[in-house]
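So the protein sequences, as listed, match chains C and A.
At position 226 of the first sequence (counting the first as 1) the number is 226 in full-length UniProt numbering, and the numbers step up by one without a gap.
At position 197 of the second sequence (counting the first as 1) the number is 197 in full-length UniProt numbering, and the numbers step up by one without a gap.
If you are wondering where the hints come from, they were derived from the structure by calculation, not from laboratory data.
You can take every hint at face value.
Identical copies go unnamed one by one, so any copy, or any two together, can satisfy a pair.
Below are the DSSO-like pairs computed for lysine-lysine, each with C-alpha atoms no more than 27 Å apart in a straight line:
hint	residue 1	residue 2
1	128	235
2	64	128
3	200	189
4	235	105
5	235	64
2 protein chains.
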Amino acid sequence: MRIGVIDSGVGGLTVAHEIMRQLPQEPLMYFGDTARCPYGPRPAEEVRTFTMQMIAHLAQQRMKALVIACNTATAVVLREISQVAPIPIIGVIDPGARTAIKETKSGVIGVIGTEGTIRSGAYEQALKRINPNVKVYSLACPELAPFVEAGISNEREAYEIAQRSLSSFKGVPIDTLILGCTHYPLLSKYIRAVIGEQVKLISSAEETARELSVVLDYKGLLASQNQPAVPLQHKFFVSGNSTVMEQIARTFLNAPLDLEQVNLANQTVCTLPWTNS
Amino acid sequence: MRIGVIDSGVGGLTVAHEIMRQLPQEPLMYFGDTARCPYGPRPAEEVRTFTMQMIAHLAQQRMKALVIACNTATAVVLREISQVAPIPIIGVIDPGARTAIKETKSGVIGVIGTEGTIRSGAYEQALKRINPNVKVYSLACPELAPFVEAGISNEREAYEIAQRSLSSFKGVPIDTLILGCTHYPLLSKYIRAVIGEQVKLISSAEETARELSVVLDYKGLLASQNQPAVPLQHKFFVSGNSTVMEQIARTFLNAPLDLEQVNLANQTVCTLPWTNS
Chain C
1 MRIGVIDSGV
11 GGLTVAHEIM
21 RQLPQEPLMY
31 FGDTARCPYG
41 PRPAEEVRTF
51 TMQMIAHLAQ
61 QRMKALVIAC
71 NTATAVVLRE
81 ISQVAPIPII
91 GVIDPGARTA
101 IKETKSGVIG
111 VIGTEGTIRS
121 GAYEQALKRI
131 NPNVKVYSLA
141 CPELAPFVEA
151 GISNEREAYE
161 IAQRSLSSFK
171 GVPIDTLILG
181 CTHYPLLSKY
191 IRAVIGEQVK
201 LISSAEETAR
211 ELSVVLDYKG
221 LLASQNQPAV
231 PLQHKFFVSG
241 NSTVMEQIAR
251 TFLNAPLDLE
261 QVNLANQTVC
271 TLPWTNS
Chain A
1 MRIGVIDSGV
11 GGLTVAHEIM
21 RQLPQEPLMY
31 FGDTARCPYG
41 PRPAEEVRTF
51 TMQMIAHLAQ
61 QRMKALVIAC
71 NTATAVVLRE
81 ISQVAPIPII
91 GVIDPGARTA
101 IKETKSGVIG
111 VIGTEGTIRS
121 GAYEQALKRI
131 NPNVKVYSLA
141 CPELAPFVEA
151 GISNEREAYE
161 IAQRSLSSFK
171 GVPIDTLILG
181 CTHYPLLSKY
191 IRAVIGEQVK
201 LISSAEETAR
211 ELSVVLDYKG
221 LLASQNQPAV
231 PLQHKFFVSG
241 NSTVMEQIAR
251 TFLNAPLDLE
261 QVNLANQTVC
271 TLPWTNS
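Work out the full structure: start from the sequences and follow the hints.
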């Protein structure tokens with residue numbers, strides 16, 4: 001059975017890539033809602049509807065776990081879905097929060113994300129729930145995700161956007177910065193240059209893949225053939241433009257890209273496949 | 001309810017310390033079998049009996065999860081206990097293996113541990129089960145754990161022992177080294193000096209605490225008061241000498257040390273409290 005991965009667009013590919021790397025025996029199916037990306041500035045109810053539509057599509061296939069590889073969608077729907085789904089649901093917020101708690105020495109943690117993610121306060125809640133003693137500085141960076149979705153074409157522009165976005169962190173004594181949007185690892189070079197070498201950057205991507213591995217393991221759901229892994233055929237769905245998706249996906253796939261376009265806009269699915277309603 | 005942590009001696013305090021740091025709301029009880037340490041060179045059946053005795057003692061109190069903070073004991077009893085226990089059982093081998101898989105770029109991983117751990121092949125199995133493509137070099141270092149249990153008194157000697165123990169890794173192209181014994185993080189300075197800066201050291205301690213956090217979270221077992229954590233009163237048990245235990249434990253406790261000596265040698269418990277036999 002496949003692991004489902006959903007995102008507002010291409011950002012979640014950083015998570016998918018890490019899952020492929022850390023769990024090379026697990027076939028994936030990825031849905032990127034490229035027609036309606038970004039989710040960051042949208043109202044929560046809209047994000048909820050769009051996310052449910054993607055999940056409903058993937059649930060038509062057999063799926064043993066679902067990764068919500070979008071911080072905005074995780075902030076809005078994770079708790080609700082976890083309560084009804086018969087399969088493990090992994091968001092990107094708890095893994096990042098847990099790792100930041102492991103990494104910080106000073107206990108002062110920064111979080112950057114979309115407006116939706118930062119507005120929800122989801123990272124602050126996740127951090128304080130595990131360790132109420134940490135101090136959290138959150139900052140919305142609305143320019144960053146759309147810039148990645150457009151394809152990072154200009155290095156200089158990337159650096160300037162990072163600098164502009166992070167300017168209010170100047171003088172704030174964080175020792176750990178959570179990249180609270182799955183697009184941001186694709187900009188980590190520029191974020192690193194602005195924020196300095198002394199701050200540890202936490203990528204949700206790596207940590208979510210690791211946490212997925214823990215959960216699958218404790219649930220007895222790991223694929224284990226105990227033989228050298230062969231390249232798997234992963235499946236990709238997009239709701240709109242597929243150009244940037246193809247660009248990024250090809251760079252980490254050894255196999256031909258199996259990509260399908262699905263129109264979600266006409267779907268009226270607003271409840272989960274697992275609920276009885 | 002407390003989290004139980006058991007070890008052959010003081011090595012598991014590195015794990016306990018990390019749990020206290022990453023999960024400051026969770027009270028612990030720690031059992032160090034200092035009368036019969038080290039476990040490394042002992043036959044598996046003996047390690048099994050000793051471990052069961054410690055678990056039986058802790059199970060008399062209420063315990064919501066158990067961490068087997070000793071690689072040798074994890075290698076011998078983890079699977080057996082996980083199958084019968086009604087609470088989550090966390091070993092130190094899977095967390096280290098999973099993190100090494102996350103960290104390695106070359107896919108060539110080194111493991112050092114006691115004779116018992118290395119002989120069991122437990123790390124190699126854990127690594128290959130998750131990613132069959134990794135290459136693993138294992139090395140028993142029988143001198144290291146007893147040296148820590150004796151109290152690290154001499155820096156020069158520590159460096160020489162590390163150098164002697166790791167000499168056969170010369171020329172082996174690992175980029176990641178698993179410290180496959182909970183005593184080893186206490187020697188990481190010397191191991192780092194011998195093995196070089198370019199090799200990433202994986203401490204089971206940090207990673208086990210993080211994995212415990214994931215498992216408690218997914219099982220809904222996290223203590224969450226959502227208020228600044230007060231220093232907790234942790235409990236410590238030893239079966240023999242408590243000098244080194246007191247030395248190490250005091251350095252990371254803000255509260256008086258609550259330590260009790262328990263004679264395990266007379267106990268005939270060889271089955272788990274959770275089995276029906």
